[in-house]
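Chemist: Residue numbers (my numbering), protein chains in the order written: chain A, 1 to 156; chain B, 1001 to 1555; chain C, 2001 to 2719.
The hints are simulated quantities; they were obtained by calculation from the structure and are not laboratory data.
Please read all numbers here as calculations on a predicted model, not as lab measurements.
Here a beta-carbon is modelled for each residue, glycine too, at the ideal position from N, C-alpha and C.
Treat the hints with caution; some may be incorrect.
To give an idea of the interface, some chain B residues facing chain C are shown, with a C-beta separation under 8 Å as derived from the structure [as the list claims (entries may be wrong)]:
(1) P1036
(2) T1037
(3) F1069
(4) V1404
(5) V1413
(6) I1416
(7) V1506
(8) V1531
(9) T1533
(10) F1547
Taking lysine-lysine pairs in the DSS-like style, the calculated list, with each CA pair at most 30 Å apart, reads [what the hints assert, rightly or not]:
(11) B:K1504 with C:K2142
(12) C:K2301 with C:K2192
(13) C:K2304 with B:K1405
(14) B:K1504 with C:K2225
(15) C:K2398 with C:K2142
(16) B:K1282 with C:K2682
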Amino acid sequence: MSTRSSRWTKYRPVIALSILSMLVCGLAYPLLITGIAQAALPYQADGSQARLGGRAVGSYYIDNGFTLPGFFHGRNETNPLTASASGVDPDITVAEALSQVPRISNATGIARSSLVALVTSHEHWTLWVTGTPYVNVLELNLALIAAYPSSYPGYA
Amino acid sequence: MIDAIQSLIVVAILASTLISGSLLAPYVVRVLTGTPTRLDRLLDPFESAVYRLIGADPKMTMGWREYLFAVIFLNVAQMAIAFAILVGQGVLPLNPQGFPGLSWDLAFNTVVSFGTNTNLQHYAGETALSYFSQMTAIQFLQFTSAATGVCVMVAMVRGLRPGSAHLGNFYVDFVRVLTRILLPLCAVAALVLVALGVPQTIGGYVTVKTVEGATQELLVGPVASLVSIMQIGTNGGGYFGANSAYPFQNPTPVTDVLEIYLMLLLPTTLIFTFGELIGKKKETRPILIGSYGLLAIDLAVAFLGSIPAVGPGIETRFGGFFSTLWTVITTASTTGSLNASLAGINPLGILSAYMGMLVQATPGGIGVGVMYMLMYVVITVFVVGLMTGRTPEYLGAKITARDVKLVMVAFLVHPIAILVPTLAAFATKAVDAIPGFSSLPTSVAFTQVLYEFTSSAANNGSDFLGAAANTPFFNFATAVVMFVGRFVPIAILLALAGSMIGRKRVAEQSLRTDGAAFSFVLIGSILLLVVLTFLPFLILGPLLAYFQGLVNFVG
Amino acid sequence: MARHVPGLDRVLGRARVSRRPSALTAKTLTESVVRLSPASLLSNPVMLIVELAFFVVAAMAAFPSAFAPFASPSDRGFYVEVAAVLIVTVWFSTLSDSLAEQQAKNTASALKQLETEVPAKKVVTEGWEREVVRTLSTTLQKGDLVLLEKGDVVPVDAEVLEGIAMVDESLVTGESAPVRKAPGDSLIGGSKVASDTMTARVAVNPGESYLDQMVRLVESSKRPKTPNEVAITMVIFGLSAVFTIIVASILGLSVALGLRVDLSVLIALYVCLLPTTIGALLPAIGLSGISRLYERKVVAKSGKAIETAGDTDAILLDKTGTITVGNRQAVELIPLGARTVKEVGEAAFLSSWFDDTPEGRSVIRLAHEKGFVPRELNALSLSEVYDFSAQTRTSGVKLHFGSSFVLPKGSVQRVRRKFFLEGPGEQGMHLSGEETEIVKGAPDSFLRSGFTVPKGFQELVDAVASEGDTPMAVAKDHEVVGLVRLKDVLKPGTREKIEAVKAMGIRPVMITGDQPLTARSIASEVGIDEFVAQVKPEDKYGVVLKEQSHNHIVAMIGDGTNDAPALAAADVGLAMNSGTEAAKEAANMVDLESNPAKIIDVVLLGKQLLMTRGAVTAFSISNDVAKYFAILPVMFATAFPALRSLNILGLGLQTAVLSALIFNAIVIPLLIPLAMRGVTFKPSSTMSLFLRNVLVYGVGGVVVPFVGIKLIDVLLGVL
């Protein structure tokens, strides 16, 4: 028996199994999941995109980068000492949202009480029962546009 | 302190992992012992084809040396494949963003990191890795390193089992763990995650115009398939740099709870398989009480202090409670994924994280958690067992001087692997390469660097530094620490298990290890021998920060 | 409800050799100081490290400026104090070694005294000439012949060559009744000839006796580490290595991070964390374990044997000598058929006349007490004696009335007879009116040999046996006339010992040559659940192997050459000093008192040794918690005043380090008595022992130093 072939016998399982497991775990598995997900759950699989007037404007899960005074703003453009972990936190606390109400009211003329009511109606709790109540900024702003289309010309 | 509802949530999560673990365990035992299952008709022909293809005789059995060499060879070969993919991703397919290949030191660090089930990341996946790399390098190694963990555990258990003659066949264990445990579980978990909002696509990043008209890229990709194995396999390396704080990895509190649950699922299940595999059902008890008892202590330490509110490094949807809970669980299971920035966690939470990483068995990483707990059991039995007036035995086998020697060498791995490079990082001023590092207070700076190496040695992977540590020093040093921290204990413990084969077993053990009494002594001994040993360094790091009145580690 | 189990001391009884003279002498003190030399500390690395630490701190005290920035001249006084405590710590360790060794030597030489120089009468033969030379025991060589007359002390271990004599072994064995010694029997050096004269051959060379072996075993320099000591040394090594890395890292970080840690404080922390307590006491614990055996006159051939004794989970107990006193006593005469008690008594008397065993004598005594002295007594001088034969298991006598041949006066012709093998009537042995044959023995042997057996014989035999007694049948002229009930006399204290052994999870198994019914009754009387009956000495080997094949660790005793294979196979073999050389060679322990019941003591002492080692180890390791909390806040206090909140003991910043270090040192001499005496325990289940010891030495090990360090700190504050 030649040394070369005996060495191959020894290392063959290692090398063959490495390649095979890469093909199964690294390609077959994620591609299969992608196929099923795209077929069965395309909305989520593509990133839960929000639509406004028929066009995709972003994802509910990603900060939409609002900067205009007439909208609720996310927490991610403020200074790094208050930044979220992801940098794209789509939510702000209700308290933070309420603190923005005067600015939005001034910019749009919408009554403060209406804005407060809107914030309250879009309030979320972590796992419904705990944590600090928060709102999804994109969801809230889209609701704002839908409720007061006249205040947001050109958006709807 | 946490309130009643939050306490209830913690209890509910732990209870559900315990219940699922106990329910899943009988199936896992069947897989690991080769007992027929319903999946046989589907998988047997496939597996036989695999064995034929790779040229391995599934009936062959291995001694501890053969098993160990097979483990190391296979893992190194897989790391080599992944290395080639990462370095060459620029010319490989499925790279819609056109990312270039990784530098050799970063690629080296990354493959060792994923090949050792650590998943320390000195890069941000969304800006560095192609879809192809995320799948064929990252997800691939996440599966194989997790499977390896289960294999070495079952091999060790075979050695400890009275009357055993060999450690089994690594190739068979490896294939069966993949096809019958990890792949099916991950497929289900991935699809659930997609349904709950985690993207799964290879169509490229989506560019949109935001409401205000700015251009925004939605960084979608094959995320769900990665998150499932990252959590189930206690890997922890995320698709994104921000890991599970990034909403696409963990969009809602529901996915958050699910992902916490997945981290604990298999480590807990494997604890439940132990008694069955060893042939003495009650021997599960000390492992279970030890793991979950220490986990309870970890949680108490973390939740004793004030929990951060929504603030720096904390995602609004999770808040301080879920961020701290995740941090405790991710280190206790040595997973290393994060749903917040570590810098946002309070010092006692970080202290708790250190405890989880130092013990590595609460319940620890997939497979290796049980291994480490068995190591603690052996040394505890030896030290306290003498007090029954007999040479201590575990599972009927007398603990010899050689066993003690092996365990003591394994004990030395952590202090050496953590402290030597930490010291080197400061002594060589390698830390100065980290942006903004020199302005940090000593407690924070020390906490961060010590954490880097503790996390590496414990094959955890969470870190403060992240891509900031993408320097040749940290890439090389952590790679060495991860490799040593993974394979040296595995080698020692397989040697220990191998030496138990054919050893005379006494009819009745003097010290009963299957009761609550021993379990509590075990907890005390682990705290004494493992956690207390590192007290000086914990004092210089998180405890100092705590006494200095810091609420987090943000700059 | 747990039954009352007496404490260890009660079970073991008082030590038979006292520890005088006290081990703490000027010689011990000198020895302990001599051992401070680094060269002699090589076998104890932990203490070597402490001594090296002493040299460093001493150098700091002498040249503080050379150690900048880790030392400052203003702290010189502190360095002197730390250095002093460090060297005292090492000295406490060498002192415990010296004390334990001296104690062991004392007990060993107390036993040795038993065979110190005594006058001896050496027999020198020259051709036909025999001459007796008066000499000293120490000059005797193996093979020499010695004359032993009434009143002489047996000079050294020897074997009887000629003559029969009674020997008083009470000095050596504690057994008060003189023992009959015939050719082939062993004589123990130190015993005294009570009657008659005999010649014996010396069995050992000077310096070769077990006592000499024993003295060698306690020379610490020559004593090899036992497996368990090696394992504990591994723990000590491992922990020392861990703490070395940790302390070295603190030193490095102190430089890198500018923590301004004082080197002497760091060294103090290092020494406190090292497992110095167990490191210091480990050799003493092992030696004291050997001493405790010596005090009970048991000589172990190795330290390992004592540990294995502790591991024992099955003890094979010879019924005779262990559970019952060596001899059965005749207590009742039971007639069969139409016979009267008197007939049975007289027949028993005659059959036992030549039986010198205690059993035989007790039959004579019983018959005599009842007034059944037979008329045929005078005919006994003209009789044929059938010695006891193991094959027939009978013995007896054939009386000749008016026989034609006359035997020399005072002697008896002993006939090795084959009667039962070849059947009656053969070899011309027919019975006539002038002859009466009376035989006694095991009932079943009569059945097999075709004797006439009255009705109800078997029922009566079984009834006697099931009451735990031994039935002995007596036959006259081939007809069984009745039974003698022989009662076993239980050894006092056996029940308690069996109880203790069972409480500790050890299975006592009784071994006996008796038939099962008798065996069962005796076993249950002393609380033994398992027994092996009708065992011949050569069967013991098989019993040992069988127990071992069921994964038991077996201890047993033996004295005969037949026992040697079993003694060698057993994990713990305890030979009787009165036994044969072969048995003593095969065993790993020898009981000088030849008391088989000692096997239980040996097992309990083995457990005590292991328990003591475990307790001190656990105590030593648990102590680290308090020491950490004493030193760390002070160590980093210069750099980080915030850490003072960790000073939970409220120790003085100047005194905390010294307090911890002093506690670390002082705990060694405080534990020396524990190390030398052994952990006291009450035999009970292993788990309750475990819990109790964990509570006392583990949890206690965490709590005690908090209190101790605080106390020392308060004292230092006052000074």
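Chemist: Let me know if the C-beta of B:F1069 comes in closer than 8 Å to any C-beta of chain C, holds or violated.
Modeler: violated (26 Å)
Chemist: CA of B:K1504 to CA of C:K2225, is that 30 Å or under?
Modeler: It holds: about 22 Å lies between the C-alpha atoms, which stays within 30 Å.
Chemist: Does the CB of B:I1416 sit less than 8 Å away from some CB of chain C?
Modeler: Constraint on B:I1416 satisfied, holds at 6 Å.
Chemist: Do the numbers back the hint for B:P1036, that is, is its least Cβ distance to chain C under 8 Å?
Modeler: At 32 Å from the nearest chain C Cβ, B:P1036 fails the 8 Å test, so the hint is violated.
Chemist: Does the structure keep B:K1504 and C:K2142 at a Cα separation of 30 Å or less?
Modeler: Violated, at about 42 Å.
Chemist: Holds or violated: are the alpha carbons of C:K2398 and C:K2142 at most 30 Å from each other?
Modeler: violated (43 Å)
Chemist: Check the hint pairing C:K2301 with C:K2192 against an upper bound of 30 Å on the C-alpha distance.
Modeler: Cα-Cα ~27 Å, so holds.
Chemist: Within a Cα-Cα threshold of 30 Å, do C:K2304 and B:K1405 meet the stated pairing?
Modeler: Roughly 19 Å separates the two Cα atoms, so the pair holds.
Chemist: Does B:T1533 pass the interface check with chain C, least Cβ-Cβ distance below 8 Å?
Modeler: Status holds, d = 6 Å.
Chemist: Please verify that hint: B:V1506, Cβ, nearest Cβ of chain C, below 8 Å or not.
Modeler: With a minimum Cβ separation of about 5 Å from chain C (threshold 8 Å), the hint on B:V1506 holds.
Chemist: Regarding the pair B:K1282 and C:K2682, is the alpha-carbon distance no greater than 30 Å?
Modeler: holds (28 Å)
Chemist: Would the hint on B:F1547 be counted as holding, given a Cβ-Cβ threshold of 8 Å to chain C?
Modeler: holds (4 Å)
The structure shown violates the earlier hints numbered 1, 2, 3, 5, 8, 11 and 15.
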